Structure formats: C-alpha cells, structure tokens
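So the sequence lines, in the order shown, correspond to chains D and L.
Going by our numbering, the first sequence opens with residue 1, and the numbers climb by one from there.
Going by our numbering, the second sequence opens with residue 1001, and the numbers climb by one from there.
There may be inaccurate statements among the hints.
[Stated by the list, open to error] Straight line, CA to CA, 30 Å or less: simulated DSSO-like cross-link-like pairs of lysine-lysine:
#1 1092/L x 1180/L
#2 1053/L x 167/D
#3 11/D x 1099/L
#4 27/D x 1090/L
#5 11/D x 27/D
#6 212/D x 1180/L
#7 511/D x 27/D
#8 27/D x 479/D
Honestly, the hints are just simulated from the structure, not real lab data.
Just so you know, these numbers come straight off a predicted model, no measurement behind them.
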Amino acid sequence: MSAPAVMPPIKRYTGVMDWLTTVDHKKIGLMYFWFVLIMGLVGGALAGMIRIQLATPGAVWDAVQAAQLAGEQLPFNLYSEDRHFFNQIVTMHASVMIFFVIIPGLIAFANYIVPLMIGARDMAFPKMNAFGFWLLIPSAILMMTSFWVQGGAAATGWTAYPPLSLKGAGINPGQDMWIMGVHLAGLSSILAAINFIVTITNMRAPGMGWMKMPLFVWATFFTSIIQLLATPVLAAAVTMVLMDRNFGTTFCDAMKGGDPVLYQHIFWTYSHPAVYIMVLPAFGAISHIIAAFSHKKTFGYLGMVVAIGSITALGFVVWAHHMFTVGMPTGLQAYFMYATLLIGVPTGIKVFSWIATMWGGTLRFTAPMLCGIGFVSLFTIGGFGGLILAMVPTDQSLHDTYFVVGHFHMVLVGGSVLALFGMTYYWWPKMTGRMLSETTSKWVFWLMFWGTMITFMTMHLTGAAGMARRVPVYYADFKILNHITTFGYALTALSSLILFVQLLLSYRRPKITEDDPWKINDVQQSFEWATSSPPPVYNFATVPPIPVADQH
Amino acid sequence: MTDHAPASTSAPAHGGHDDPMSHVPPGSLWPLLVMLPLCAIPFGVLSFTGTLKGSPLGPLTDPHVGLVMILGGTAFLLFALMGWCHQVIKEKAISHDLKAQQKDLQLYILLFLCAETTTFGAIFGYFYHRTIQDPAFGPPHGMHFGGPFAAYATFLLLSSSITCEIAHHALDHGKRSLSKMFFVITLLLGGAFLGMTGFEWGELFQKGFTPLALGENGSSAFAATFYTGTGFHALHVTIGLIMLFMVLMRLETGHFQGTRNFSVVAASWYWHFVDVVWVLLFITVYVVA
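Can you make the complete structure from the sequences, with help from the hints?
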C-alpha cells in the first residue's frame, strides 16, 4: 500500500504537551498505571486509618474523648469530629480501591498490552481512549474533595443503600459528589469497553482468528462486555438516589411509596458482574505468566476461553446472593444459591488448567511467576470462602460480619492486586525497557503474600466469631484477632510502598535491548514480545509473524 | 460525539515500504479540554446550590462563582466538543483506511446502543417489578394521560423513522436534494413529537401532578417513573434531533460524497433506536399502566 499523494505534515508535540495530547495507547496505559499507583497509596492510607482505629477495641476515639473531657489539646485529632468520620473512611477506601485502583489498573495493562498482543498499531478510537483516562481525574477529584464539604464524604458504604444514602437531617453534598464521581468513572468504563470490543473484533493481525487470540485478549473482551452492559445499570441506580435526594422523586424512599430493596437489586445487577470486571483480566494475564515460566503452552486453551465466557454469562444472573437477608422468597434464594455455586465449576476449570500448565513444565520461580502461583493459591482460598457465603443458611449467619470482608478482600487483594503486581513485574521490561531487581521484587511478593494471608485469613476468623463489619468499636473478645489483622496490614502497606519506590527508581536502571527479555516467546501465543522494549510509537513496522506457539 | 476515528490505526500495512510514522495519528488536546468542563460543571452546581457554604474550598463557597462555572463550563464544553468533531472530520478527509474505519464506527454505535438499552432496561425493570409486587403502584387518582393524544405522538415518531430511512436511502443513491427534504421532514416530525410530550407534561403540571412527591403511596413512585421514563426518552429524542440537524448542515455544506457517510448511518440508527424505545415505553406507561 502506498501513501496517498497529498499528505500534509503531521504536527507532533514534545515534552509535557506530548503527554497531555497523546492518543498513543502505550502512553495512555502508562498514565493509567501511574494514576492507579498514586490512588492505590491513597486507598491504602485510608485502609491504614481503618486499621489504626480497629487495632484496639475502643481505640483512638476513647483516648481523644478522654483528652477532650480533660481539656487537653491533642496534636493529632483526626477522629475528634465524631464517629461519622469512620464511615466516611470505610466508604472512600472501598470507592477508591474499586473505581480508581483495581478496575483502571486492569484497564491500564489492557490498554498497553492488548493492541500489542493482537498486532495492531493502536486502539480503534485513540482519542476516545485518551478521554476515558482523563475522565477519571474529575471523578477522583469529586470523590476526594468531598471530605472537606459539609457533612463530609459519602458515609454509606460503597453500596449507597437507601434510606441511608437519602437526604436525612442536614445537608451532606458528599453523597451527591460521590454519585457524580461514579457517573464519570462509569462513563470512562463504558468508553473503554466499547473501544476494547471494537479493537479486538476488527483489528487483529491477519491470521489471528478468534480461537488463536491470547487469553488476556479474551479476558479483556469478556470484561468489556460486562462493563458495557452492566455499568449503565449502576448509573441508573445511583441516579435514582440522586433524584430522590435532590428533585423530590420517591424511587427508593419507602416512607413515600418507594422501594429501597429494588435499589439493591438494580445496584447488584451491576455490582456483581463488576466483581468479574475486577478479576477476569487477572485470570487472562495469570494464564500467560504461568505458561511463560513453566515454559509450556497454556493447558486447555479452549476450556479456558469457555470458562471465561461462562463466568461472564453466569455473573449476570447471580446478583441477589448479596441480598439473602433482605427477605426474598425462598424459591428465589434457592435459585440464587445454586446459580452462584455453579460459578465454582468454570472457576475450578481455570484453577485446574493453571496447575496442569505447571505440571511437568520447566518452572522458573521469577517474581511474576511467584505472583502467579500466589494468585492461584489465594484466589482459591478466597473462592472457597465465597462458596460458604453462597449457601443461604451460612450466609444468613455470616452476613455483614468480617467473614464477608475477609472473603472479598482475599479474592481482591490476594487475587486482583497480587495479579496486578505479577503483571507489573512481567510486563514492566516491555513497557519501560528496564528490568527490575529480582531480589527486591521477591521481597515485595513475599511481604504481600503473607500480609494478605495474615490480614484476611484472620478476618475470616473474626467474622466467624461474630464481629460485625463497618463498626468502629468492638467487644474486647476480638482484640487479639484485630491486633493480628492490623499487623498483616502493615506488611501489605510496606510491600506496596517498596513496589512504588522500586518502580520510580527503575527509570534510572540501564535500558535492555532484547525484545524478549524473559526468553519465553516460543511458548507464547501473543505478539507483544515480537517488538522492541519499549515498542516504537507505531508498535510494528510490518505485520508481525504468526507466533511460534501457533505454528504447529 | 459519535465519530472519533483518527487517520489509520487499523492493522499494519502490508509490505512495509512506507514510513510507519505516517500511520501514527497526530496528538489531540481535545479529550483533555472536554474533561475540564466536566470537572468544573459538577463543582459549579454544588457551589450554585449553596451546598458548599462553610467548607474550606475557597472561592467555591460563593454561589456566584458556581453560576459562572456552570455557564462558562457549558459554553466551553460545547466549544471543545465542536473542536473535537472538527478535528475528526478533518482527519477523516485525509484518511486512507476508510473501509476499516466505517466498520469500527458501525460496531461502535451498535455497542453504544447496547449500553443505552441496559440503561432503559433499568427503568423498565423498576416499572415492571413494582407493577407486579405492589398493587398501589399506579397513576395517582385523577392523573389522566395518554389516550388518542399519545397515539398521535407515536404515529408522528414512527413515521419520522420511515422518512429518516427514505432520506438515508436517497443519499445512498445520490439524490441529495430529495435526501435533504426528507431530513427536514424527519426533523419536523421529531420536533412535533417533542412538543407533544412537552404539552402533555405541561397539562399534567397544571393539574398539580408535578414530578415531586405525590402523597405517601405507590402512586408517587409511579409518577417518578413516568416522568423519568418519558423525560429520559425526550432527552434522547433531543440528542437524536441534534444529530440529524448536524447531518443536514453537513449535507448542506457538501459533505458525505461517495461512501463517506458514517454520521448519516449513526444518526439514523440512533433515531430508529429512539423509536423502538418509545414503542416499548408507550406499551409500558400508557397500555400496561
């Protein structure tokens, strides 16, 4: 193909303007990545504030109140306002971690890696891609500044259940700001999802049929379908609350003929599929990492694809297992219980396939591989907790206890976050052209692994013993368990800080020259190792050759 | 906001004798510029409604600043959106991967409509769930709407879908003046529909059936659903009319020669979608209720 006859010279920006105007999926991916790292520290700090309060049964407030009664001035009076502040921290920790860390974190890698994997030069809609990233910034600003408005930030938990989220006594614009922040983050999600689906459908290199697509691409594709179909439902749910709060409608206000339980149904119609938005890309990436460092092709490719697809489909029809205690008919409860347990089947297929991939392989225990194995172990443990919670009778006794908190943190931190660490270690050489120190990386992994294990396994026990979630004070019986949990938190925090500093300092390390620093391209099905590290702005000068692993 | 394809980002060129840099689209400041008012407007609304009084957010505590932010933000948003569209149209004029782009854009608008469908789905879901569960969920006593009036409105909107299709078809066959005429008819029919919705709302408001709380039972939630459903649909009709109007203006300036007519396809698909949603909404709020 020859260039057209008349081609005006393209204006190129440099320096800061280059980043502000970029439409390059790789630069946008890196911007997503650094945004996520910074928001991760913010979310982690919020978690730290929770853990400081919960470290001891009565903790900080009692000390503060005693001091205030005695007329002393405290240098650190963060909690002196009232216990309402604790609810704000809990809500914002969840919102930041979900909307600004895990979901965009996985999008960051999908943005960088998916076009490379399928041999495309960019996403289908590069400007839309940039817009999707920029939208996260007003969203984050809205949510974070809400701490300083009257009544503080949203304090209803990230689920914003009415009537708690409706306008009670006094104004709390923080809830409205939270809702608008969710709208903007949701729009960003939808735009990214459309972009990924179009890119993956139309822009694969010649010769890469659907069933030759790398698993990470499949995972991104299905994740995008969930985002596309579920996110508008969340927008509708929170808009109902917004209208009830400000325009006098009565969608959710039971006092005026509304139906608060129906809000929960609509909310979880989004938010249960959203759970899979937060883990499916991790599934895909872990398949690559485990195959690469076992030096084998992924075991059971077809099974893996079908499993991701069926998790996507089932994810849409199980939402009410979050609501077993709202008073649903028994028949419905039974349906949601069995449908939820059914998800264990495709998830089991994936876990067995990962183990079978390692079986008989030439294992190399690099940092990304450790994160991969850690992911499989912790996600499986977290998943078992999910099976326990899926049963109606056990759920009814464990609902709203720390068992639930332990369960979803085990799958999100032990699953998604550990996978994000693994993806960082695996693709950082490709993204920046710099290797990371294996020793430091392994320290980060082991701290994170044991930190997660200690923090969240203990939470399961605390919950089974009967401690309610979202409470700032508790009976002294839970004291030891909470000490241990806070200690575990310190390990995960240390691990994250080391990772942050390690990535910052990595820009001073020497550049690598290989396209394939891990020496794995012969077992990979994807194109990203067939271009330089980091790739040129156009990714590939010519059509990349079909990957070696596909040629037989 | 529908067609954002840049010049050539599709699969790499075969052969590899041309300069790969020529396929790299130029940077664009517009995405960032569209983001800025989206940050300013929410804060403007909060400030204008006086909810930020007493917070340490400096000038934002003054409602006048809020008003400036809303008005200025909206003006800037329109400016930035137009700048974005302008750059896209300019880039498309020199693009050499037109066919691939059209394919991308068609899938884009289809997926966008899927997302829209689920949004409406949430409203319908709310309506039917309440109708089945709660016998009190229905129009408040004396709230009369629909009837032949709504049927006429439906007839107008359905025929506008047909005229839109005729206009699109005429353009495909190069009959530009016929196409323009039918786009004008479509716009008029759509505008008439919007007017009728507004008229019906006005009548109900006059009788005191405002969207605000209407008593303490299911009928007030019904009113909320009724106004949200029809209002959200009217918003979509407005967006569709703006799209059709832009198509008409671009036809007037001589765009859409040959096969470069994605905006026409997008606008007409969107218009048909709005139509289908109306039929469902009509059945839901006028027939079922």
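Tested hints:
{"no.": "1", "hint": "1092/L x 1180/L", "result": "holds (23 Å)"}
{"no.": "2", "hint": "1053/L x 167/D", "result": "holds (17 Å)"}
{"no.": "3", "hint": "11/D x 1099/L", "result": "holds (25 Å)"}
{"no.": "4", "hint": "27/D x 1090/L", "result": "holds (24 Å)"}
{"no.": "5", "hint": "11/D x 27/D", "result": "holds (18 Å)"}
{"no.": "6", "hint": "212/D x 1180/L", "result": "violated (47 Å)"}
{"no.": "7", "hint": "511/D x 27/D", "result": "holds (18 Å)"}
{"no.": "8", "hint": "27/D x 479/D", "result": "violated (47 Å)"}
Consistency with the previously given hints fails for numbers 6, 8, ordered from lowest to highest.
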